[in-house]
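Heads up: the protein sequence lines correspond to chains D and V, in order.
Everything in the first sequence is counted per the working numbering, starting at 1 for the first residue and increasing by one.
Everything in the second sequence is counted per the working numbering, starting at 1 for the first residue and increasing by one.
No lab work stands behind these hints, which were simulated from the structure alone.
Mixed in with the good hints, there may be bad ones.
[As the list claims (entries may be wrong)] Here are the computed distance ranges between Cβ atoms for each label pair: (1) Leu-74(V) - Pro-218(D): 48 to 56 Å; (2) Phe-77(V) - Asn-297(D): 38 to 46 Å; (3) Ala-282(D) - Val-117(V): 51 to 59 Å.
[Said to hold, decoys possible] Non-contacting residues of chain V with respect to chain D, defined by C-beta distances greater than 12 Å in every case (computed): (4) Arg-80; (5) Gly-121; (6) Ala-130; (7) Ala-141; (8) Ile-186; (9) Leu-265; (10) Ile-277.
The beta carbon of each residue, even a glycine, is placed where N, CA and C say it ideally should be.
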Amino acid sequence: MTTRLTPSRRAVVGGIAATTLAAPYVRAQAGAVKIGFSISKTGPNAGGANVTTLPNYQLWLKETNDAGGLKLPGGQRRMVEFVEYDDRSQSEEAVRNIERLVNQDKVDLLFPPWGTAMNLAVAPSFNRGGFPHLASTFFVERQPELVQRWNNMFLFLDRPSTAITALTDLLATLKDKGLGNTVALASVQDQFGLELVSAARAGIAKAGFQVVMDRQYPPGTQDLAPIISEAVRLKPDMFLAFSYPPDTLALTEQARIGGLNPKVFYTAVGTAFPLYKQRFGANAEGVMGIGGVDVTNPKIRDYIARHNRIVGREPDRWASTTTYSTLEVLSQAIERVGLDKAAIIKDIGANSFETILGTIKFDKNQRVDQWWVGQWQQGEFVALAPTKVGGTKAPVFPKPAWPTA
Amino acid sequence: MFLVDVILSGLILGGIYALVAMGLSLQYGVARIMNLAYGEFTIAGSFAAYLLFSASGLSPILALAVAMPLSFALNWFIYRLLMTPLVRRAKSPGALEVDSILATFGLLFVVQGIMLVVFGGSYVSYSYLAVPVDIIGSTVALNRLLAAGIAVAIALGLTLFLMRTRIGTAVRAVSVNPAAAPLVGIDTTTYAAFAFALGGALVAGSGVLVSMFLTFNAAMGVVFTMKALIVVIMGGVGNIFGALVAGLILGLAEALTAAFLDSGLTLAVNFALFLGILLVKPTGLFGKAAR
């Protein structure tokens, strides 16, 4: 047996965290609320986690503690401290982290990781410990079955088919305005792209459109010239891509260079990122994408300003706002019922919550009524559909041709 | 012009693959360091270009003049400080390979960690020379064309340098037989350090060039390491011209697959091609006979 003389990585990280948190920690020592999470700080998921999840956790922590702590029933406040681990984008690691947070660190509450696969991987552990699981970056078709099995799970995003219905319903309304009926589809070959594109094929057929191109590409592909050249030759009326951030940017760039000018240009994740606007500037005008917010809502404007001030950059207009709303829901439930996990779960399922995204309520643990299609309009990513949610704008149609550089 | 489109986009993509791989060919082929932190240095080059471009509006082409010498110096020090002890104690080329893999695996986390602390994990992207160019009726992006063109120029220039100059001949001697090179008065350690540093300059240069059109983040290095490794092994370790040919073959195969089969199969076809070539020629297209 040899003794390990080197401190473990956890000890080092913990030490650093303890030092940086020292000031609030001392004040809150008597009874800080421990919240744990496992997040992808490195690996392929780091890009997504660092845009949508981690900044919002940090924002919430700072705001909560600056206000004197987390509000509990009876007006009492307790400071919050985070226990966080990197899962290196590996689901086994995420599960180990959660088990450690529950059994060793004895956290009071857990925040979810980033991404569908990660949330799915840790869901059994959340459930076993009876922790409320407020998933904001989780998106699968079989959600109704999942929440039956895990009633502690609340799904802030609806299903892919709902997202597609919102999109195809919107496109159908544009038929009268001169939208033709040919569609070119491109999708990333993983669970996200596959679920969306299969829902899209059905939705497009139902809306009476015709698919003239249906291409898929492996995740991580940024060389999409072949797909765009094919679309340029086919001159579709609509170009719909179910893509991830790097390929969203690559498709847009290539479409601009190749002169692909459909009446509707839609790319999925990443379109709502501030990075998109920064990269394409005025070229972004009229591009549709997944997400969108009601920019006239003062709460959203205030949230964007706070995010900008505290995190140092703007939030994205889909998953960031959704993630922040999960924290608002959780805080409001705690304010009503305290830190009893079962009571929190019951409270979230039964009540409605005022958040930056408007009123959030759940039907069988699934959030109903949310924006699915957004569009860049004069430098803002506004919500277009579904219109029944309210706060939507009329689409810019047809999309203006890419300005020549 | 369907076929022109396909071939042109394939050649450009292939040129970019070759560009990303050439530095590794030198580091692995001559200095015999299997550098697992290679992709991290690509990303570091990309971040350098992004910083210079967004902070002072410096063109990425001019950023090459900053990033490449800097990376040359840095990689020289890495070789002298970290790798030379490994080279000294290694009893066989195989042992050095294992040791260097372990050492550079550690280096990977150091470099990645520094970038994560400095830049965070978010995606970074900027636009430079993203203008269409018309070549025989086919439209391509100027920045990609430029990167591929520079790759061809570097490959040809380096091949000439290695074949025609005294230093180049010495470098090749170290590559072919590091044990015998000292017998003819070649200082193996210095030339290996030179090759490693030159590879380092190339990797930073490729990072600068690809940042003009690729979206990247601090965690993406491994993607480049993998691509470079495939190109280098397929082309023949240590052979710059081989890396160019292998890169072009992979790029063309990818474009042809996307056009005539299915764009979802591009990776599968690339790996099948890689395996096929290794079965027929285990040391790669232009590799030396097995040692």
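Please check whether the beta-carbon of Gly-121(V) is more than 12 Å away from every beta-carbon in chain D. With a cut-off of 12 Å, Gly-121(V) comes too close to chain D, as the shortest Cβ separation is near 4 Å.
A cut-off of 12 Å on Cβ-Cβ distance, and Ile-186(V) was said to be off the interface with chain D. Does that hold? 40 Å, holds
Determine whether the Cβ-Cβ distance between Leu-74(V) and Pro-218(D) falls within the hinted range of 48 to 56 Å. About 33 Å separates the Cβ atoms of Leu-74(V) and Pro-218(D), which means 48 to 56 Å is violated.
Status of the given 38 to 46 Å range, CB of Asn-297(D) versus CB of Phe-77(V): 54 Å, violated
Ala-141(V) remote from chain D - nearest C-beta pair above 12 Å: About 5 Å separates Ala-141(V) from the closest Cβ of chain D, which leaves it inside 12 Å; violated.
Beyond 12 Å on every Cβ pair: is that true for Ile-277(V) relative to chain D? 20 Å, holds
Is the Cβ of Ala-130(V) farther than 12 Å from every Cβ of chain D? 6 Å, violated
In terms of Cβ atoms, is chain D entirely out of 12 Å range of Arg-80(V)? At about 26 Å from chain D, Arg-80(V) clears the 12 Å cut-off, so the statement holds.
Is the Cβ of Leu-265(V) more than 12 Å away from each Cβ in chain D? 9 Å, violated
Determine whether the Cβ-Cβ distance between Ala-282(D) and Val-117(V) falls within the hinted range of 51 to 59 Å. 34 Å, violated
Checked against the numbered hints above, the structure breaks hints 1, 2, 3, 5, 6, 7 and 9 and satisfies the rest.
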